[in-house]
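K.L.:
Following the hints, complete the assembly by docking chain V with the ligands onto the known chain B.
Residue numbers (our numbering), protein chains in the order written: chain B, -5 to 373; chain V, -5 to 373.
No wet-lab data here; the hints were simulated from the structure. Mixed in with the good hints, there may be bad ones.
Said to hold, decoys possible - Chain V regions said to be covered by chain B (calculated; three or more residues, Cβ under 8 angstroms): (1) 200 to 207; (2) 210 to 218; (3) 225 to 234.
Unchecked claim - Straight-line C-alpha distance at most 20 angstroms; calculated DMTMM-like pairs for lysine to aspartate or glutamate: (4) B:Lys97 <-> B:Asp57; (5) V:Lys204 <-> B:Glu210; (6) B:Lys277 <-> B:Glu339; (7) B:Lys277 <-> B:Glu337; (8) B:Lys204 <-> V:Glu(-3); (9) B:Lys207 <-> V:Glu167; (10) B:Lys204 <-> V:Glu167; (11) B:Lys231 <-> V:Glu210; (12) V:Lys170 <-> V:Glu228; (13) B:Lys295 <-> B:Glu339; (14) B:Lys295 <-> B:Glu305; (15) B:Lys231 <-> V:Glu228; (16) B:Lys204 <-> V:Glu210; (17) B:Lys204 <-> V:Glu67; (18) V:Lys20 <-> V:Glu53; (19) B:Lys204 <-> B:Asp227; (20) B:Lys20 <-> B:Asp57; (21) V:Lys261 <-> V:Glu67; (22) V:Lys231 <-> B:Asp227; (23) V:Lys163 <-> B:Glu48; (24) V:Lys155 <-> B:Glu210; (25) B:Lys302 <-> B:Asp317; (26) V:Lys204 <-> B:Asp174; (27) B:Lys204 <-> B:Asp157; (28) B:Lys204 <-> V:Glu173; (29) V:Lys204 <-> B:Asp157; (30) B:Lys204 <-> B:Glu234; (31) B:Lys204 <-> B:Asp239.
What the hints assert, rightly or not - Rough simulated footprint, nothing fancy, chain V against chain B, three-plus residues with beta-carbon under 8 angstroms: (32) 179 to 192; (33) 211 to 220.
Predicted model only: the values in this text are computed from it and were never measured. Glycine residues also receive a C-beta, built at the ideal position from the N, C-alpha and C atoms.
Number of protein chains: 2
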Amino acid sequence: MLEIERRYRFEDFHAPVMRGCDFDAKPMVLLLGQYSVGKTSFIEYILKRQFPGERVGPEPTTDRFIAVMYDKEDQIIPGNALSVDIEKPFHGLNAFGNGFLTKFEGSLCNAEILERITFVDTPGILSGEKQRLGRSYDFAEVTQWFVQRSDMILLLFDAHKLDISDEFKSAIELLKGNEDKVRVILNKADGISTQQLMRVYGALMWSLGKVVKTPEVLRVYIGSFWDQPYQNDEFRKFFELEQRDLISDLLQLPRNSSVRKINELVKRARLVRTHMYIMAHLKSKMPVLIGKETAQKELIKGLLNEFKEIERIKKIPLGDFPDVAAMQQRLALNMDFSTFQPESERLTKTIEQVLQIDLPQLMKLVQPPKSEDPKSTNP
Amino acid sequence: MLEIERRYRFEDFHAPVMRGCDFDAKPMVLLLGQYSVGKTSFIEYILKRQFPGERVGPEPTTDRFIAVMYDKEDQIIPGNALSVDIEKPFHGLNAFGNGFLTKFEGSLCNAEILERITFVDTPGILSGEKQRLGRSYDFAEVTQWFVQRSDMILLLFDAHKLDISDEFKSAIELLKGNEDKVRVILNKADGISTQQLMRVYGALMWSLGKVVKTPEVLRVYIGSFWDQPYQNDEFRKFFELEQRDLISDLLQLPRNSSVRKINELVKRARLVRTHMYIMAHLKSKMPVLIGKETAQKELIKGLLNEFKEIERIKKIPLGDFPDVAAMQQRLALNMDFSTFQPESERLTKTIEQVLQIDLPQLMKLVQPPKSEDPKSTNP
Ligand SMILES: Nc1ncnc2c1ncn2[C@@H]1O[C@H](COP(=O)(O)OP(=O)(O)OP(=O)(O)O)[C@@H](O)[C@H]1O
Ligand SMILES: Nc1ncnc2c1ncn2[C@@H]1O[C@H](COP(=O)(O)OP(=O)(O)OP(=O)(O)O)[C@@H](O)[C@H]1O
Ligand SMILES: [Mg+2]
Ligand SMILES: [Mg+2]
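Isolated chain B (complex conformation) (with noise of 0.2 angstroms):
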């Protein structure tokens, strides 16, 4: 399939070449949200441990994104050299340079959980000013590299202060097209009465529901996730099953994880066989000698029906076409038609084979897992 994503010059139009690495890596689980939430002490709580370079406090403390990740050696590793790891998946951080680098380290860590899973501990998101003149780097282009790449977001309210900033907004509104994979997390809820409680889980949920646009409703756990007792003692038996849930929710990743990567590895090569199509079909519409740049326009102009004629002709589901529009922007760059490569029969075969036999078989080794008591496995 590389063969023809080359070929075809995919990644000119789609997304960057996928590495071995991106497959292999562990589950990775984001946390967001607005400073002093928890989020730092969320991780302590389900490592059963600190973990190397983390900082707990009540003011902004954690300034840079941290991958909490397994060793059985305890170890800092800068941003710089984690992203030019080639075992790593990170790096695509490269992009976004020096000025994210700096503010971007690996924890290593010997806690059993990161056997299983990668954590990503975040800087709070702060108000108004803040939030866009402190730092160095693009916070949302960041923030929404880790949110594609991440297998869960967990998203951190503070039960005592609930007031969703436009900076917060923004934030969620990076998670669109991925909130099957949020959580939220209504922390420290244990601090208030239950009424109290019930009015902020009530407004969190009403502001939520405005900002989120799905019909579906993002699962809420409600608890008070660090190693201390509760304060209001009312809602022990709740508390603790939600965190119970939470964790076997956590535990069920590296499966779902998996699958979530077949899933994408078929969308990919489903686009990967229709880009294929479609270039060589436009290479086919181009005049041998003049009026090359006349004829481009043209296709340029009716895409829409190039596509209808291939979807016709190849019987391939329209739902699997590119977004016209975009599509319409890359082939307006500068790109010469003629250049592209014609259709091959043996690489149509190839792509078929992907489709109707290798990823299949792929989710057939996955799909029944070896079954799990997550409650054996609790940390």
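P.N.:
Chain V with the ligands only, in chain B's frame:
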């Protein structure tokens, strides 16, 4: 003020004349919700007794609008009789004709709280065809009538089956502009586990946040509002607090209701004043003999400019003016501007007196109310 309304044909443009009983009536609490959520049982719970004509049951039971009002003797009054009773605030319902009046009745009932509040029970909102076809009147229009005249609207949900049908969504949309009067009740909350309750409550707020466009969160009371003991005891204390709060919310109505009515009166008086100036202004701009029609058309077309002129001369805030487009529509309805009344110094003085002296005095009368201890009057 009534004289001004007549002279300047206020009713043709804005709202019907207000009658004495519109001011004297007790605050009215309207119950809305899908069928079987417990609306009728709720009234029974508040009254601490059954009321004449009530029917409670798991299928759709209440098939009419029932105004539950105080009287020493229990009695049912049919809708037709009730709508002609000038002592009661239901004369406006005549407009809906017999199709509705046969589905409307008064339930006179000797219960203490009815001396202060009138409750209106309604038929449950059904889903699909049944809601549209099964009724001999326009449910939406009638509901709208009650919504506008109620002092509080209780929107009930059943924690066991929270499906917000499209019909119910439309019903919620009828509340637009009256969100401040709405209280939500999540009823039968004791019948499910705490975790389930939290999911249902979250889903409710999520959906409501999408349908109700105000940023302010609606107040929700969670509990089980009938005379049976709780099934799930874990929440006893919380439910009891919620139920107490709701009742004190209800008992605060009488005072708020007068304030609200004065508030509406002030709004109306300001609109009457502006209306008077507009009518007189339009008359003054009419030619004496010929070209009336063209002049009228020009005036309607340039109405916004005329408003601005009045604003400048009379020093009336632009916010007091009616909607330009709506006013243009009314004025186009074959009216002869030259028949409008000119300005009258006496009436100008009257309305200023109303706005500057009478209404503020009225407000003072109601403002510092005799303080009430809600607990001592708890049913
Ligand atoms: N469950 C909890 N209940 C009460 N307090 C908590 C809880 N978790 C953390 N805290 C306290 O809240 C404060 C902030 O915690 P922490 O530093 O973990 O937040 P953070 O979200 O990582 O903040 P930042 O964005 O600034 O890094 C600390 O004082 C911590 O002790
Ligand atoms: N708090 C409660 N907990 C459990 N069940 C309840 C509660 N309140 C009422 N019920 C039961 O729910 C059913 C419906 O009650 P009710 O008739 O009061 O609902 P309704 O909203 O008035 O329905 P309709 O719209 O059909 O008139 C009845 O069987 C009643 O006993
Ligand atoms: Mg932190
Ligand atoms: Mg009923």
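K.L.:
Determine for every hint whether it applies to the structure shown.
P.N.:
Status of the hints after comparison with the structure:
1. 200 to 207: Per the Cβ count (5), the hint holds.
2. 210 to 218: holds (count 4)
3. 225 to 234: holds (count 4)
4. B:Lys97 <-> B:Asp57: 7 angstroms, holds
5. V:Lys204 <-> B:Glu210: 12 angstroms, holds
6. B:Lys277 <-> B:Glu339: 16 angstroms, holds
7. B:Lys277 <-> B:Glu337: It holds: about 9 angstroms lies between the C-alpha atoms, which stays within 20 angstroms.
8. B:Lys204 <-> V:Glu(-3): Violated. Lys204 (chain B) to Glu(-3) (chain V) sits at ~47 angstroms, over the 20 angstroms cutoff.
9. B:Lys207 <-> V:Glu167: Roughly 19 angstroms between the alpha carbons, so the hint for Lys207 (chain B) and Glu167 (chain V) holds.
10. B:Lys204 <-> V:Glu167: Roughly 16 angstroms separates the two Cα atoms, so the pair holds.
11. B:Lys231 <-> V:Glu210: Given that 20 angstroms is the threshold and the Cα spacing comes to 31 angstroms, the pair is violated.
12. V:Lys170 <-> V:Glu228: Roughly 36 angstroms between the alpha carbons, so the hint for Lys170 (chain V) and Glu228 (chain V) is violated.
13. B:Lys295 <-> B:Glu339: 29 angstroms, violated
14. B:Lys295 <-> B:Glu305: 18 angstroms, holds
15. B:Lys231 <-> V:Glu228: Measuring from Cα to Cα gives roughly 9 angstroms; hence the hint holds.
16. B:Lys204 <-> V:Glu210: 12 angstroms, holds
17. B:Lys204 <-> V:Glu67: Not satisfied, since the Cα-Cα distance of roughly 49 angstroms exceeds 20 angstroms.
18. V:Lys20 <-> V:Glu53: At roughly 31 angstroms apart (the allowed maximum being 20 angstroms), Glu53 (chain V) and Lys20 (chain V) break the hint.
19. B:Lys204 <-> B:Asp227: 32 angstroms, violated
20. B:Lys20 <-> B:Asp57: 24 angstroms, violated
21. V:Lys261 <-> V:Glu67: Outside the cut-off at roughly 38 angstroms; violated.
22. V:Lys231 <-> B:Asp227: 13 angstroms, holds
23. V:Lys163 <-> B:Glu48: Violated, because 48 angstroms separates the two Cα atoms, which is more than 20 angstroms.
24. V:Lys155 <-> B:Glu210: At roughly 16 angstroms apart (the allowed maximum being 20 angstroms), Glu210 (chain B) and Lys155 (chain V) satisfy the hint.
25. B:Lys302 <-> B:Asp317: Distance of about 13 angstroms is within 20 angstroms: holds.
26. V:Lys204 <-> B:Asp174: 19 angstroms, holds
27. B:Lys204 <-> B:Asp157: OK: Lys204 (chain B) and Asp157 (chain B) at ~14 angstroms, within 20 angstroms.
28. B:Lys204 <-> V:Glu173: 16 angstroms, holds
29. V:Lys204 <-> B:Asp157: Status holds; Cα separation ~18 angstroms.
30. B:Lys204 <-> B:Glu234: Measuring from Cα to Cα gives roughly 29 angstroms; hence the hint is violated.
31. B:Lys204 <-> B:Asp239: This hinted pair is violated, its Cα atoms lying about 26 angstroms apart.
32. 179 to 192: Three-residue rule met by the segment 179 to 192 of chain B, so holds; n is 3.
33. 211 to 220: Since three or more residues must qualify, the claim that chain V covers the segment 211 to 220 of chain B holds, with 4 doing so at under 8 angstroms.
Of the numbered hints given earlier, the model fails hints 8, 11, 12, 13, 17, 18, 19, 20, 21, 23, 30 and 31; all others are met.
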